[in-house]
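J.: Residue numbers (the working numbering), protein chains in the order written: chain G, 1 to 557; chain Z, 1 to 123.
Be aware that a few hints might be false.
To be verified - In silico contact screen, one side only, chain G against chain Z (beta carbon under 8 Å); selected entries:
no., residue
1, 128
2, 462
3, 466
4, 468
To be verified - Pairwise CB distance ranges (calculated):
no., chain 1, residue 1, chain 2, residue 2, range
5, Z, 40, G, 511, 33 to 43 Å
6, Z, 120, G, 518, 48 to 58 Å
7, G, 428, Z, 40, 40 to 50 Å
8, Z, 109, G, 447, 33 to 43 Å
9, Z, 25, G, 317, 54 to 64 Å
10, Z, 72, G, 349, 49 to 59 Å
11, Z, 44, G, 478, 54 to 64 Å
12, Z, 36, G, 100, 37 to 47 Å
By construction, these hints were calculated from the structure, which means they are not laboratory data.
Ideal Cβ positions, reconstructed from N, Cα and C, are used throughout, including at glycine.
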Amino acid sequence: MFDKNYLYKLELKKQEWEEKYKKLKERDAKFVTDSEIPIKPLYTPLDVKGDYFEKVGFPGEPPYTRGPYPNMYRGRHWTMRLFSGHGTPEETNKRWKYLYENGETGFSAAVDALTFNGIDPTNPDGAPEVGTSGVPLYCIDSLFALTENIPIDKVSVALVVEPFTCAPVCSMYFNMAKMRGYDISQLIGTTQNDILTMTVGYIPYKNSPPNHLLRLACDFIEWTVPMKNVPKWHPINFTGYNYREGGIDAIQELGFVFASACSHIDNLIERGWKIDDFVNRLAFHLAAHKDFFEEIAKYRAARRIWAKLMKDRYNAQDTRSLQFRFHVQTAGSSLTAQLPMINIVRTAIQGLEANLGGCQSLHTNSYDEAICLPSEEAALVALRTQQVISDETRITNTIDPLAGSYYIEWLTDEVEERVWKYMDKIEKVGTIDKALSTGWLYKEMRDAFHKRRMRLESGEETMLGVNKYPVSYDTVTDVFRTNEKAIEIEVNRIMKLKERRDNAKLERILDKLRNVCEKEENVMPTVMEATKEGATVQEVCDIYREIYGIWEPPLAI
Amino acid sequence: MSKPGIDGHWRGGIVVSRAIRDAGMELIFGGFQNVQQIAEAAIQEDVDVIGLSIHSGAHFAYTQKLLDLLKERGVLDNIMILLGGVIPAKDFAKLKEMGVANIYGPGSMTSDIVEFIQTHVKK
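Please take these sequences and the hints and turn them into a complete structure.
T.: Below, the structure written as structure tokens:
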């Protein structure tokens, strides 16, 4: 990007400076990024390689390094979307309204472990966990309660369910919307539908094997977008955040999401769709972790990689297919139960990373994240943290403000190069379901989180309040407890529904679903019928279990 | 090491399992188990310690059920119960009163867990 003679002069001057630097002492520290990229003491124009148009360009234009849209935050701020759900759908509805009144601009349903795994509250194995880690959504009545008096035609809703329960939960949402008189083809929102979240992010409890999960995920993409039932929906959100929280680094995070995205795209192309029919609705969900500059470089590199991948590998023609858009969550695993107020500072810095990196939507964590679901007060502080960034700092005055920093541009290149290499490594193992069923991804996860654990225990990685200036765990803040009556309430809800519904009619639909599953046809139309007639999430998932089997993940210790 | 219930937050249980194994102890990783399965496996394998990894907020319910079952089977005095996960410090006293030997909340060091077992389990 610079004139040759000019760079020569710079090189000489730099050598002079290096001589001075070498004579001075360096702190006893490893100067590397979180993903262990070695970092030089100083970056200059000598580190910035390549052509401006090719590498950086303009926002809204290839290679999209500076952002997917020409106007970015000058047009509108990111969506402030707090992941929330607890106790019962009614209590969650109350929390959603509270946050909405305080300026939240998008909703996101955090579901409980039973909803995640397709287990009804009548099952003793999971009953104590009803509503403890999210909102219970077991039947269509729950969706009515969740969205009562919420303007779902105006505000986007994220349903955080994965491939195994995606069809039943989302079909309940769409059926509820239809019954309320909305045109579902106009609905806006996102389903997480991410195969890796429920396999390597969490351990799945009695879910089906990965090849079927991949197919179920693609059934939902196909039915919503190219089949145009809910064409404005984001039918999948590749959630690097969840596995990043397990301990992998920024390079692996992008490697996992892009390899997974390619497996889904290939599946849809095999079904006869063209790349431009659906790919612009695929969304991403990345982490904002502790390494400030590396995360910003990661977002910029991600946009460039996606544009190249779509153009060079898939020959996408529609420019929207090249635009990488993503939601960010600040890093829960960077927060501590000790010194909870320090979590507000950590979260503010991580939120700033996401915004300087040009995210489309952001969740900021609550200061009580390390010990419980967020209290109302903690959730409000988290929301206000984003509003400090958007309304008080003026960082949104200009687009991609860190572009042109010698360090940021160098680091963006470095991250990109490493991600391409890591993707090759994954793709040598095979499609994403093979990387799971062979256990390869489990070994990658294990190695990553042991390495991170060693870094923490040795003090190489600092966690204030834990391994530096440690304080006792007793000093924690108030603990938010979920409703103890939730089990009773949810069992009653399901009992009432079962009394009301036409069980004979439902049985016929569920039989049809068995047939559809056996033939490996798209499950969505039949699951839409089933949940409309009152099928519960477990009743649909039990059919998957019956036909596809139950999978035991090859965990590595 | 076992995960009672259905919550899939698995990192803690595996990290601690690895540390225990690396310290030269024999470890059985049970994964998801209901309390009956945990008790059954513990008795069959004649274990000294049961580690429960709980991140769901349902630690009282699962722990009480397991303790009742072990008592019923007459093995509670021979087995030490350790708990780890997202467990508020406020709950520690009650859990210890119930019969849990120690609880490891967020930010615990695996070396402390290993040391506790080595000190308290007589071989």
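J.: Determine for every hint whether it applies to the structure shown.
T.: Now the hints, each set against the structure:
Because the closest C-beta pair between residue 128/G and chain Z is about 4 Å apart, less than 8 Å, the hint holds. Because the closest C-beta pair between residue 462/G and chain Z is about 13 Å apart, greater than 8 Å, the hint is violated. Among the interface hints, the one on residue 466/G holds; its C-beta lies about 4 Å from the nearest C-beta in chain Z, closer than the 8 Å criterion. Look at residue 468/G: its Cβ only gets to about 12 Å from chain Z, farther than 8 Å, so that hint breaks.
Take residue 40/Z and residue 511/G: their Cβ atoms lie about 36 Å apart, and the range 33 to 43 Å holds. Against the hinted window of 48 to 58 Å, the Cβ-Cβ separation of residue 120/Z and residue 518/G comes to about 54 Å, which satisfies the hint. Separation of residue 428/G from residue 40/Z is about 42 Å and conforms to the stated range, judged on CB atoms against 40 to 50 Å. About 20 Å separates the C-beta atoms of residue 109/Z and residue 447/G, a value inconsistent with the hinted range of 33 to 43 Å.
For residue 25/Z and residue 317/G, the hinted distance range of 54 to 64 Å is satisfied, since their beta carbons lie about 60 Å from each other. At about 52 Å, the CB distance of residue 72/Z to residue 349/G agrees with the hint of 49 to 59 Å. With their beta carbons about 42 Å apart, residue 44/Z and residue 478/G fall outside the hinted range of 54 to 64 Å. Between residue 36/Z and residue 100/G the CB atoms are about 44 Å apart, so this pair conforms to the stated range of 37 to 47 Å.
Violated hints, listed in ascending order, are 2, 4, 8, 11; each of the other numbered hints is respected by the structure.
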